[in-house]
Amino acid sequence: MISIIAVSNELELMTNCSLDELQEDYIKWYWIDFNEPTEEEIKELDHSLFFHPLAIEDCIHKLQRPKLDYYGNYSFFVTHRLNEAEIEKEEINFFVGENYIVSFHHLPSKEIHDTWQLLLASKKLSKWDQYLVLYHIMDKIVDGYFPIVYQLEEALDQLENNTKDQTMEQLLEQLFDTRHYLLKLRHTVIPMRDLVYRMLNSHRLRGIKRKKEYFSDIHDHLLKLAEMVDANRELTNDIRDSYLSLNSHQSNRIMKVLTVITTIFMPLTFIAGIYGMNFKNMPELTWNFGYFLILFMMFCIGVGMFLWFKGKGWFS
Amino acid sequence: MISIIAVSNELELMTNCSLDELQEDYIKWYWIDFNEPTEEEIKELDHSLFFHPLAIEDCIHKLQRPKLDYYGNYSFFVTHRLNEAEIEKEEINFFVGENYIVSFHHLPSKEIHDTWQLLLASKKLSKWDQYLVLYHIMDKIVDGYFPIVYQLEEALDQLENNTKDQTMEQLLEQLFDTRHYLLKLRHTVIPMRDLVYRMLNSHRLRGIKRKKEYFSDIHDHLLKLAEMVDANRELTNDIRDSYLSLNSHQSNRIMKVLTVITTIFMPLTFIAGIYGMNFKNMPELTWNFGYFLILFMMFCIGVGMFLWFKGKGWFS
Amino acid sequence: MISIIAVSNELELMTNCSLDELQEDYIKWYWIDFNEPTEEEIKELDHSLFFHPLAIEDCIHKLQRPKLDYYGNYSFFVTHRLNEAEIEKEEINFFVGENYIVSFHHLPSKEIHDTWQLLLASKKLSKWDQYLVLYHIMDKIVDGYFPIVYQLEEALDQLENNTKDQTMEQLLEQLFDTRHYLLKLRHTVIPMRDLVYRMLNSHRLRGIKRKKEYFSDIHDHLLKLAEMVDANRELTNDIRDSYLSLNSHQSNRIMKVLTVITTIFMPLTFIAGIYGMNFKNMPELTWNFGYFLILFMMFCIGVGMFLWFKGKGWFS
Amino acid sequence: MISIIAVSNELELMTNCSLDELQEDYIKWYWIDFNEPTEEEIKELDHSLFFHPLAIEDCIHKLQRPKLDYYGNYSFFVTHRLNEAEIEKEEINFFVGENYIVSFHHLPSKEIHDTWQLLLASKKLSKWDQYLVLYHIMDKIVDGYFPIVYQLEEALDQLENNTKDQTMEQLLEQLFDTRHYLLKLRHTVIPMRDLVYRMLNSHRLRGIKRKKEYFSDIHDHLLKLAEMVDANRELTNDIRDSYLSLNSHQSNRIMKVLTVITTIFMPLTFIAGIYGMNFKNMPELTWNFGYFLILFMMFCIGVGMFLWFKGKGWFS
Amino acid sequence: MISIIAVSNELELMTNCSLDELQEDYIKWYWIDFNEPTEEEIKELDHSLFFHPLAIEDCIHKLQRPKLDYYGNYSFFVTHRLNEAEIEKEEINFFVGENYIVSFHHLPSKEIHDTWQLLLASKKLSKWDQYLVLYHIMDKIVDGYFPIVYQLEEALDQLENNTKDQTMEQLLEQLFDTRHYLLKLRHTVIPMRDLVYRMLNSHRLRGIKRKKEYFSDIHDHLLKLAEMVDANRELTNDIRDSYLSLNSHQSNRIMKVLTVITTIFMPLTFIAGIYGMNFKNMPELTWNFGYFLILFMMFCIGVGMFLWFKGKGWFS
Ligand SMILES: [Mg+2]
Ligand SMILES: [Mg+2]
Ligand SMILES: [Mg+2]
Ligand SMILES: [Mg+2]
Ligand SMILES: [Mg+2]
Ligand SMILES: [Mg+2]
Ligand SMILES: [Mg+2]
Ligand SMILES: [Mg+2]
Ligand SMILES: [Mg+2]
Ligand SMILES: [Mg+2]
Ligand SMILES: [Mg+2]
Ligand SMILES: [Mg+2]
Ligand SMILES: [Mg+2]
Ligand SMILES: [Mg+2]
Ligand SMILES: [Mg+2]
Ligand SMILES: [Mg+2]
Ligand SMILES: [Mg+2]
Ligand SMILES: [Mg+2]
Ligand SMILES: [Mg+2]
Ligand SMILES: [Mg+2]
Ligand SMILES: [Mg+2]
Ligand SMILES: [Mg+2]
Ligand SMILES: [Mg+2]
Ligand SMILES: [Mg+2]
Ligand SMILES: [Mg+2]
Ligand SMILES: [Mg+2]
Ligand SMILES: [Mg+2]
Ligand SMILES: [Mg+2]
Ligand SMILES: [Mg+2]
Ligand SMILES: [Mg+2]
Ligand SMILES: [Mg+2]
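Protein chains in written order, with my numbering: chain D, 1 to 316; chain B, 1001 to 1316; chain H, 2001 to 2316; chain F, 3001 to 3316; chain A, 4001 to 4316.
Be a bit skeptical, because a hint or two may be false.
[Unchecked claim] Below 16 Å or equal to it, Euclidean Cα-Cα: the simulated EDC-like pairs (lysine to aspartate or glutamate) are: (1) A:K4184 x H:E2153; (2) D:K209 x H:D2069; (3) A:K4184 x A:E4084; (4) H:K2280 x A:E4284; (5) D:K184 x B:E1227.
[What the hints assert, rightly or not] Chain F side only, calculated, beta carbon under 10 Å to chain A, not exhaustive: (6) Y3070; (7) Y3071; (8) E3169; (9) S3248; (10) T3259; (11) M3282; (12) E3284; (13) N3288.
[What the hints assert, rightly or not] Computed beta-carbon distance windows for the label pairs: (14) B:G1304 x H:N2083: 49 to 59 Å; (15) D:S202 x H:K2209: 20 to 30 Å; (16) F:F3146 x B:E1012: 42 to 52 Å; (17) D:K310 x F:R3233: 46 to 56 Å; (18) H:T2015 x A:H4061: 27 to 37 Å.
Just so you know, the hints here were simulated from the structure itself, not pulled from any lab data. The C-beta atom is built at its ideal place from N, Cα and C for all residues, glycine as well.
Input sequences plus hints: build the corresponding full structure.
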């Protein structure tokens, strides 16, 4: 669907202009939103708006990283919002010209919807222009990254303390997934950060220079996010190493205890074997208290070994 | 084979010029393609086209990385296409001068063939020049990298989930191979990216400056590729670590269970050994229910140890 | 609470001005401190002092990294003090204008309190201005980082030598915590270092340029801190690796000794088993000294194996 | 030995000038080679050629990295050739002045010998100057690195596939040695690359600027070498990890099989032990087919456990 | 102790001037050395020499990294000498002004002592100035780093080949210590390198510019040192990994052999157990050669298993 808001020189909002009417002189600036456009509607980018074929290709394809391209008298932005439910990137593209902004997205965007309503409800229309629209949308996009990072941080917290009493396999798999999400997040946050940095320092984007404080604020958030993502990736490393080493240590300890038990019984069983031999001439067998003596000897050997191993610390 | 396309000032395509005829005034620009050249044909680079011996050496030898050299009034490019079947680099070299492009390749190149056909079939000959030829070939070369990365990503996906139920050895070997391919890919993608970056920012390549959007588009793709390759290399690390730790954990678990079983039978066997001793005077042996008592005792000890180990969690 | 110190042109200290009075001509410069401000007081940032809404938002929110923003005729700083007891960041914000400094903090700050007292007690009022206030507070904030790093270094020292005779699990958990603290510290020290670097090199902060030596001294300390934090993080790596390898080596050694003992008794028990068989015709059983011969043989085998394993070094 | 070639203004080669004669006006340019110089000959650097004491010190000492120093009207280069037999660095130093080059080396250098012969046999003397001498020697030095890298790559190939059927210990030691050689190679290739980069971009070396294509060609080779060395170092990491994990996995598998065997025999031996007990009243012992029943029971238990373990996959 | 050397305009050495006399016109330049100064003497830095309080603070405190600060008409340097016996940093500070150098150190310095003697014994006083003093001291300081690196390299060599036949624990602890020393060394060498680099490129240090070759020589040495330290740190990594993997492999091999022995005896002992059972009706027991048949069978099983395991390579 293509929606249009135009602001006239008299600061009146018009929401039912046609694409052709937008070029009229009484239009101060306008915003066209391509929301889940049909193939027919996409063609308007070329036929009515005359954008460069490479930029249009970038709109259509899903392959893009966040970036900024200059084309003659307009700029083209690719940004990524994050779908909170599935931590999946969704591309939003912008064309920003002298007196217009065109937003383009294959999937519905809460950020654009909210900004649209904000503009419709605004009482200070004189303050708005296409760059303020861009700021509001990007601010909301970046604000939308935080809940996802918080969610991952919380997951890591739970994994660190294993509050849900899960098995090793489950913990490792979740940790692996969390690392994977953080890697994907990184590939959104870092290029977004670089994009906003370029916007702030570009000599061609005068409108952004005038609103420098606003876009700086977004840049701050992206710096913070990049730091959080990297710190959390390091944390996953630490958590995994700490898991594995504790687990292997525990496993070793158990094997040690079991083997100590086995080792204590070996000589005892051997002694029992000796007196189970059927030699004709075995004096001990005929002693009256031979059995009890041997039992006592076994007891001593068993306890002795136990104490010896315990003393060496092999039992804990 | 040496093939030639020349475009005359009247925008007529000529495909049967000789090398000598190309210098005539009525030629606007031309493209010479050295496809699997013979030794004789290679000598034309020197004798007819007068290129620098070092550039010709770079054409002949296989040692080169993607790069850009300036020689007086022409530039020399080394690029790498990838052979999809074997993930093997194949060098394609270009000489780009004031009104010509010379392409040189020891192996047939789909990219050059397709661009050649595109030019032959073009209806807007006025739009073409040597830089547009270069753009189309490089665009196709870089587009040719993606299927290979996708193929490796898919292989990693299968390895991650072990959909083919392979043994540890097979998985590790395939992972090792995948890492190796990614490393090789990296050594193609990174220098290509740097090459295109230099092309975009060079003060000597006016023709590229005029088509900046086109070469920027290639640069975008190379940035994306570099990111994908690096992310996938990180992923192989994660997959391997996760394999190894899960495998070693599983192996530990099995050993633990086996050792617990052994440990439970040790004292039982020992007790049986005791009553197998042949002492004359062993009161228990003569008790009427001695045997059943001992059997019951063994049963209790066995079950007791089993429960104790189970309670300690050593059995899972 | 809002506290105010104003210095008049005659270098008199005034501590009971109202916010409105500060704009008078006879005020040379002033310092307003927002210490644990109420919601009402926070509104003064906007109503009386007219700061930019984004800067005020940064004051209120806890999300910030240390940074420096320029707003028209004042600059806005975010800094982090560290709460020594819990190694927790606490934000302190500054607005520095032509003839004033405004400090803002949600939690009480020893650094600000001490500087306040210093200024009240100062006898050379002519030397003071808003930048000297800023210097003194930041100097104290950064000096406050050192005890924490020293504390962590001491903890690492104790862990390295395990002076408290702790178990592996305890050691690893403490090491993990120390790494975590160092990571958090890093995220305070690095942005603070970059902030002071920007202050030193900014063309807009003339007052800091004039006191360059002072802020350079803070920068030195931050460089030193960053180096210490990184070196200590590397040290935690080394300590953990050295723990784990020693522990695993020790564990292996114990298992080896236990298994050697088991292995020595295996053939002995087997021999005893042989002569425990009940075959009718077993000549050895009837020999007069068969039993003692076999005992001696067992002794030889046992000692032989022991010496053989010892010779191979499998016993230590 | 000190050898001299001088070229006169009439382009005649003179090979028996004395050091003093070289300053004459009819000499266009000259090359002095210090090949395995005696202490006496080394003094000529100071007495006859008046080079700076620090540069002479750098000639004599073995401590140097490849580098470039400017001294008034001459430049001083330190380069490293590699002794192919032992992968050992050998320093070659150059002084390059307005009309001369001085080469200095403690050990004989094939590169210098070959260039010397090339110059003696040259028919286009007008093309030669001191920079062409420098180019030819450095080109040969850098070409001499390749066989060593190829040799190491081949060694890695053999190690990867263990074509020689070596034990783990031998493989690991060879891998360790290969890593060590690669590290040493890296410390030659990286500073040489940086040296040639500086030569290419230096404003003081006009002679090199004029031969830019030639020295760029060397730079290409060094870039390629640096990439190969780094990739091979990464490969050694991968090979080692893959060794160790496969080996440990195999070792685990063997232990598992052995332990499974042991575990199967434990209960069987225990049962045999039970019926080896000497209780008076053991009804089973008197059953006619008790023995065969028990044998059959043991067989069932053994096979059952075997199948059970096999079913669990603990046997492969 | 405060020692003074002054050089008069007539190039006469004076060693017994007072601090006050140094300002006289007939003094060309002078050197004041604060060697293990008392608290009283330290005060002269402020009272007689009027240095900046922050620089004096840096002299007194031990916290400093090597660095360079500019104060009006003098520069302040912090450098680190290394105490060879304990590999401990010792700070030496310099103030370098228009016609003086002041050196300050809490501990005696061989480097300063030697330079002092060199100056006293010099016959070419005209060549000396404060920068030559600085060069000589810094050259000696940096030369003093080499023996320590060589010492560590030798220690690594011995560890690599375990020439002293030490246990694993001892080797690992020494390796850990060596890593620690290298890390400490790195924190001296890297800032010293950066300091000398800044000295070489500073626009404010004209005296150093004039002696550029000399300070470049020191910079060379520091570059070399940084490379050696980093290479040696990588080497410690390699050595440790190679230790651990060889050790663990050896340990696995031993366990395998022991377990194979145990596994061979398990079925034999079981068979002996069978014929130790007391069933009434066990036909084999009454066979005339049953015993010898069973013995032979046991021998066959034992040898068979041994050969089978040996064939599988589980015995080496
Ligand atoms: Mg798109
Ligand atoms: Mg925001
Ligand atoms: Mg906001
Ligand atoms: Mg903000
Ligand atoms: Mg971090
Ligand atoms: Mg990462
Ligand atoms: Mg080629
Ligand atoms: Mg493309
Ligand atoms: Mg395309
Ligand atoms: Mg594109
Ligand atoms: Mg890599
Ligand atoms: Mg990445
Ligand atoms: Mg790594
Ligand atoms: Mg705040
Ligand atoms: Mg301080
Ligand atoms: Mg201080
Ligand atoms: Mg870190
Ligand atoms: Mg200081
Ligand atoms: Mg470090
Ligand atoms: Mg030398
Ligand atoms: Mg070459
Ligand atoms: Mg070449
Ligand atoms: Mg060549
Ligand atoms: Mg690489
Ligand atoms: Mg490396
Ligand atoms: Mg000091
Ligand atoms: Mg020196
Ligand atoms: Mg020297
Ligand atoms: Mg030197
Ligand atoms: Mg290195
Ligand atoms: Mg390091």
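Results of checking the hints against the structure:
1. For the proposed pair A:K4184 and H:E2153, the alpha carbon gap of about 14 Å is at most 16 Å, so the pair holds.
2. Between D:K209 and H:D2069 the CA atoms are separated by roughly 14 Å; this keeps the pair inside 16 Å, and the hint holds.
3. Between A:K4184 and A:E4084, the direct Cα distance comes to roughly 13 Å. Compliance with the 16 Å bound is thereby established for this hinted pair.
4. Restraint check for H:K2280 and A:E4284: the C-alpha separation of about 9 Å stays at or below 16 Å, so the hint holds.
5. Restraint check for D:K184 and B:E1227: satisfied, since their Cα atoms lie roughly 11 Å apart, inside the 16 Å limit.
6. Nearest Cβ of chain A to the Cβ of F:Y3070: about 9 Å, under the 10 Å cut. The hint holds.
7. About 6 Å separates the beta-carbon of F:Y3071 from the nearest beta-carbon of chain A, less than 10 Å, and the hint is met.
8. Checking F:E3169 against chain A by beta carbon gives a least distance of about 6 Å; that is within 10 Å, so the hint holds.
9. Checking F:S3248 against chain A: minimum C-beta separation of about 7 Å stays under 10 Å; hint holds.
10. The interface hint given for F:T3259 holds, since its Cβ lies 7 Å from the closest Cβ of chain A, which is under the 10 Å cut-off.
11. The beta carbon of F:M3282 comes within 7 Å of a beta carbon in chain A, closer than 10 Å, and the hint placing it at the interface holds.
12. With a cut of 10 Å, the hint placing F:E3284 at the interface with chain A holds, because the nearest CB-to-CB distance is about 8 Å.
13. Satisfaction of the interface hint for F:N3288 is found here, the shortest Cβ-Cβ separation to chain A being roughly 6 Å, below the 10 Å cut-off.
14. Distance hint for B:G1304 and H:N2083: a CB-CB separation of about 53 Å, consistent with the stated range 49 to 59 Å.
15. A hinted range of 20 to 30 Å holds for the C-beta pair D:S202 and H:K2209, which are about 28 Å apart.
16. In this structure the supplied range 42 to 52 Å holds for F:F3146 paired with B:E1012, their Cβ-Cβ distance being about 49 Å.
17. D:K310 and F:R3233 have their C-beta atoms about 48 Å apart, which keeps the hinted 46 to 56 Å range intact.
18. Taking 27 to 37 Å as the suggested C-beta distance range, the pair H:T2015 and A:H4061 conforms, at roughly 34 Å.
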